[in-house]
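Student: Use the sequences and the hints to build the structure in full.
Line by line, the protein sequences give chains L and R.
Be aware that the first sequence starts at 1, since it is given in this note's numbering, and climbs by one per residue.
Be aware that the second sequence starts at 526, since it is given in this note's numbering, and climbs by one per residue.
Don't take each hint at face value.
What the hints assert, rightly or not - What the simulated footprint calls covered on chain L by chain R, stretch by stretch (three residues with Cβ under 8 Å from a Cβ of chain R suffice, anywhere in the stretch; the number is not a length): (1) 355-364; (2) 458-467.
Stated by the list, open to error - Calculated from the model, a selection of chain L residues having no Cβ within reach of chain R, i.e. all distances over 10 Å: (3) Phe123; (4) Glu161; (5) Ala370.
As the list claims (entries may be wrong) - Have a look at the derived ranges for each label pair, beta carbon to beta carbon: (6) L:Glu161 / R:Ser825: 48 to 56 Å; (7) L:Pro312 / R:Gly780: 55 to 63 Å; (8) R:Arg749 / L:Gly262: 47 to 55 Å; (9) R:Ala666 / L:Glu161: 55 to 63 Å.
What the hints contain is simulated information worked out from the structure, not anything from laboratory work.
We put the beta carbon where it would ideally sit given N, CA and C, even for glycine.
These are the residues of each chain, in order.
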Amino acid sequence: MSSSNAQTAPSRTDGAEVATSDPEVVLEVRGVVKDFPGTRALDDVDLAVRRGEVHALLGENGAGKSTLIRVICGASRPTAGALFVGGQLVEFASPQQAQALGIAVVHQHFNLAPQLSVAENLFLSRSLPRRAGIFVNWSETRRQAEKLLARVGLNIDPMTEVSQLRPDESAMVAIAKAIGSDAKIIILDEPTSALLPAEVSILFGHMRRLASEGHSFLYVSHRLAEVFEIADRVTVLRDGKRAGAWARADLSRRTVIEAIVGAGKPWIEDAAAAKSPSGAAILVAEDLAGGRVESLSFELRAGEILGFAGLPGSGAEEALDLLFARNPVRRGLLKMNGRASTLRTPRDAKNAGLALVPKNRHAESLLPGASVRENISLPNLNRFVTDPFARFIHRGRESAEARRIAVRLAIRMPSLEASIDSLSGGNQQKAILGRWLSSGAKIFMLNSPTAAVDIGAKAEIYRLIREIAASGAGVIFTSTEVEEFPRVCQRVSVFRDGRIAGELSGADATETNIMQLAVGGADGR
Amino acid sequence: MDADAGLHGGERKVRFDLAAWLARFGTIVSLGVLLVVFSLARSDVFPTVDNLLNIMNQVSILGTMAFGLTVCLVMGLFDLSIAAMATLGGYVATFLLVTYPDSVGVPLAVIVSLGVAAIIGIGNGLIVSYLGISAFIATLATGSIITGAMLGISNSKTIITGIPDEFMIIGQGAVYGVSNPIIIMLAIGLILWLLLEHTQLGRHLYAIGGSAEASRLSGIAVKRYAPIALAICALCAGLGGLMAASVLGAGRPQGVGDTYLLNAFAAVFIGASSLRPGKFHIVGTLIGVMLIGVINNGLSILGVPTYWQYIVQGVLLIVALFSAGLLTMRRR
Chain L
1 MSSSNAQTAP SRTDGAEVAT SDPEVVLEVR GVVKDFPGTR ALDDVDLAVR
51 RGEVHALLGE NGAGKSTLIR VICGASRPTA GALFVGGQLV EFASPQQAQA
101 LGIAVVHQHF NLAPQLSVAE NLFLSRSLPR RAGIFVNWSE TRRQAEKLLA
151 RVGLNIDPMT EVSQLRPDES AMVAIAKAIG SDAKIIILDE PTSALLPAEV
201 SILFGHMRRL ASEGHSFLYV SHRLAEVFEI ADRVTVLRDG KRAGAWARAD
251 LSRRTVIEAI VGAGKPWIED AAAAKSPSGA AILVAEDLAG GRVESLSFEL
301 RAGEILGFAG LPGSGAEEAL DLLFARNPVR RGLLKMNGRA STLRTPRDAK
351 NAGLALVPKN RHAESLLPGA SVRENISLPN LNRFVTDPFA RFIHRGRESA
401 EARRIAVRLA IRMPSLEASI DSLSGGNQQK AILGRWLSSG AKIFMLNSPT
451 AAVDIGAKAE IYRLIREIAA SGAGVIFTST EVEEFPRVCQ RVSVFRDGRI
501 AGELSGADAT ETNIMQLAVG GADGR
Chain R
526 MDADAGLHGG ERKVRFDLAA WLARFGTIVS LGVLLVVFSL ARSDVFPTVD
576 NLLNIMNQVS ILGTMAFGLT VCLVMGLFDL SIAAMATLGG YVATFLLVTY
626 PDSVGVPLAV IVSLGVAAII GIGNGLIVSY LGISAFIATL ATGSIITGAM
676 LGISNSKTII TGIPDEFMII GQGAVYGVSN PIIIMLAIGL ILWLLLEHTQ
726 LGRHLYAIGG SAEASRLSGI AVKRYAPIAL AICALCAGLG GLMAASVLGA
776 GRPQGVGDTY LLNAFAAVFI GASSLRPGKF HIVGTLIGVM LIGVINNGLS
826 ILGVPTYWQY IVQGVLLIVA LFSAGLLTMR RR
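Tutor: What follows is the structure, encoded as structure tokens:
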């Protein structure tokens with residue numbers, strides 16, 4: 001991997017903080033280290049962006065991409081290392097200083113004010129043209145905005161409200177805003193996550209033209225296929241270190257994926273140790289469609305842990321929401337224990353024995369401010385009702401059940417009546433899982449159950465998932481971190497474009513294979 | 526309790542925290558301080574059983590309405606139609622009694638007027654749940670509609686003559702020296718306390734108020750609850766207005782509830798900064814109601830001009846909300 005390294009590695013002599021001699025390099029990051037308490041987020045990272053190039057930055061979640069971007073755009077100061085812009089050594093005390101030197105960041109959601117017009121957004125970080133220093137000069141604003149939009153090749157009325165734009169148009173407005181503030185180096189952080197394929201190619205067309213005019217892009221994305229389409233150069237980060245860098249001519253899909261996930265990563269044994277059980281199918285979907293899910297057919301057997309893998313937007317996560325009737329079903333058939341069932345609301349799904357642990361704990365599953373007991377018994381209160389009319393809750397029985405769950409899952413808490421907010425992320429998530437254990441659900445659908453959970457709790461949650469399956473329930477697991485699938489699942493269905501593109505099981509369900517299937521396309525390069 | 530003794534990880538150190546303590550008990554302490562101050566200032570008049578009953582009688586209508594309002598605020602819904610709803614409750618009952626003196630008795634008049642209030646409350650809830658309009662705006666609109674309808678039906682004339690004496694018993698009668706309005710307020714408070722604290726309905730209302738999405742994903746049919754909560758609130762507001770009509774001996778078609786609107790919200794929000802900061806609850810609302818009653822009564826006994834009551838109440842509300850907000854903010 002190092003032999004294919006196309007960077008001109010400058011010889012580093014301590015103290016000699018001189019930029020590389022290549023005058024084409026507009027931005028250079030050299031030996032950057034960033035320490036956070038307890039972790040080293042960036043470890044001796046080098047990166048060089050040339051004039052007029054699209055430079056892709058790749059890596060898994062937590063590989064250090066965001067930290068590196070924060071360092072480059074002045075939002076965070078490196079612990080060690082140097083930054084050169086146009087050959088000059090720079091030290092940014094604030095993002096404003098980075099902006100002044102022509103570095104702009106376009107965030108995933110573009111940082112536009114949706115209720116304002118395109119023109120107002122273009123001038124958001126500067127002041128609008130004035131008349132007599134007081135009143136906004138709208139005709140001048142319009143004229144300047146039109147000029148700016150023409151420069152990025154966007155043919156829209158500058159007085160259009162941003163909320164009316166297509167996602168690719170919003171992306172271009174954000175880029176125009178960056179160019180309007182004289183940005184030479186534009187950092188794009190997952191700009192295509194909200195875009196449809198056709199919109200992506202429009203965006204790429206604009207990017208190529210701007211690059212040919214001398215602008216440079218640092219392009220962060222999860223979508224490998226896009227990276228291979230647009231990037232002139234690729235740098236991969238893994239665990240805070242540079243795992244490789246290639247020019248376009250030297251790129252190969254396999255080496256890039258291996259650099260991202262780590263080649264020859266040891267197979268984690270306690271993972272899918274057991275083979276998929278061959279029991280009866282408890283959940284069968286036939287040609288289910290809704291939202292981003294175009295067509296979903298699969299079988300889940302009792303005691304099985306099935307993974308739904310896929311890149312963001314591939315339909316893997318959305319499939320869970322669809323099965324739980326959170327999103328409306330367009331067509332298709334769902335059979336539970338051999339009987340066709342129609343689930344119209346999450347309430348139907350819960351009553352049918354399904355459980356959903358959604359991805360965003362704080363927005364979708366926790367009851368903030370409520371006690372641990374109340375959080376555990378949320379879906380189960382009907383079990384403690386004493387009479388059919390007033391439906392009084394038997395507090396003693398409720399507490400006893402909540403305590404049983406807390407003890408079984410070893411939830412660490414000040415007391416059962418303590419606020420759920422006072423628990424660590426891992427213990428909060430255990431309470432959410434406990435909620436559904438207590439309800440006696442037969443099918444558990446878990447979306448990134450270990451997100452924002454510390455390592456120790458992660459292992460406990462993995463063990464818990466295996467216990468749930470061992471008790472005869474079915475588990476569908478999805479995660480934004482591909483490395484989790486081989487660890488957790490016995491069988492993995494890989495989604496692409498709203499469909500299952502392939503299935504991997506046992507020893508074949510490696511991170512690399514999953515990524516290959518998720519990215520799709522011919523392995524030609 | 527011993528079962529989880531080993532689980533007490535002690536993730537938070539327990540030590541005395543003055544700000545937290547004040548957020549919890551500040552309103553009760555100020556209620557106590559006010560009682561002491563007023564008692565010392567006018568020891569002959571203020572600290573008597575008669576005056577305590579007098580205070581409670583004065584706040585009974587406010588309390589009844591505030592308890593109802595607590596239920597919908599638990600779910601996170603503002604009901605601004607309570608003022609109009611109170612006017613409606615009193616006017617409809619007296620209107621029926623006067624218009625159909627032979628066929629409509631007091632019980633039927635009460636049932637019909639509260640029924641009308643409850644149905645409008647359900648309507649409020651349906652608008653909120655199924656048309657997706659925020660409760661704040663929806664109830665502002667229905668409040669306006671009710672006000673208009675009352676003025677139209679009544680021709681802006683107050684009903685004074687022909688109201689049967691039995692109707693006056695609701696507001697003016699007493700049992701063992703305790704006036705009926707006090708009994709009604711306490712009964713409503715007890716019922717709604719049981720409902721919120723000890724029934725599945727109450728627990729679901731709190732859950733939805735905490736996180737509607739988490740509740741929905743836990744199988745709670747979230748949309749069904751706004752009509753229930755707003756109907757309870759409307760019924761209490763109607764009952765408050767009915768008590769007011771009975772106390773006055775008149776059915777006014779406008780303005781009955783307006784005096785209670787701000788005070789009811791003040792009482793409920795003061796309550797939400799008592800004992801369980803950041804949470805609406807019936808006991809807290811009762812504290813808020815009593816605080817307002819004691820201030821008004823004490824200041825008027827001291828001979829302080831009425832306008833001071835408004836000023837003191839406003840200041841108190843800000844202080845109470847600030848102290849509760851301080852705690853909530855630090856929690857994040």
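Student: Indicate whether the distance between the beta carbons of Arg749 of chain R and Gly262 of chain L respects the range 47 to 55 Å.
Tutor: Once the Cβ atoms are compared, 51 Å apart, the range 47 to 55 Å for Gly262 of chain L and Arg749 of chain R holds.
Student: Is 55 to 63 Å a correct range for the gap between the Cβ atoms of Pro312 of chain L and Gly780 of chain R?
Tutor: The hinted range 55 to 63 Å holds for Pro312 of chain L and Gly780 of chain R, with Cβ atoms some 57 Å apart.
Student: Does the Cβ pair Ala666 of chain R, Glu161 of chain L satisfy 55 to 63 Å?
Tutor: Check failed, 27 Å falls outside 55 to 63 Å.
Student: With 48 to 56 Å as the target window, see if Glu161 of chain L and Ser825 of chain R comply at their CB atoms.
Tutor: 55 Å, holds
Student: Just want to verify: Glu161 of chain L was marked as not at the interface with chain R; is every Cβ pair farther apart than 10 Å?
Tutor: Its Cβ never comes within 10 Å of chain R, the nearest being 21 Å, so this holds.
Student: Verify that the Cβ of Phe123 of chain L lies farther than 10 Å from every Cβ atom of chain R, and report whether the claim holds or is violated.
Tutor: Fine: 32 Å to the nearest Cβ keeps Phe123 of chain L off the interface.
Student: Taking 8 Å as the Cβ threshold, is the statement that the stretch 458-467 of chain L is covered by chain R upheld or broken by the three-residue rule?
Tutor: Our answer is that it is violated, as 0 residues pass the Cβ test (under 8 Å) against chain R, missing three.
Student: Say whether it holds or is violated: Ala370 of chain L keeps its Cβ farther than 10 Å from all Cβ of chain R.
Tutor: Given that some Cβ of chain R is not farther than 10 Å from that of Ala370 of chain L, nearest at about 6 Å, it is violated.
Student: How does the stretch 355-364 of chain L fare against chain R when you require at least three residues with a CB closer than 8 Å, holds or violated?
Tutor: holds (count 4)
Hints 2, 5 and 9 from the earlier list are contradicted by this structure; the remaining hints agree with it.
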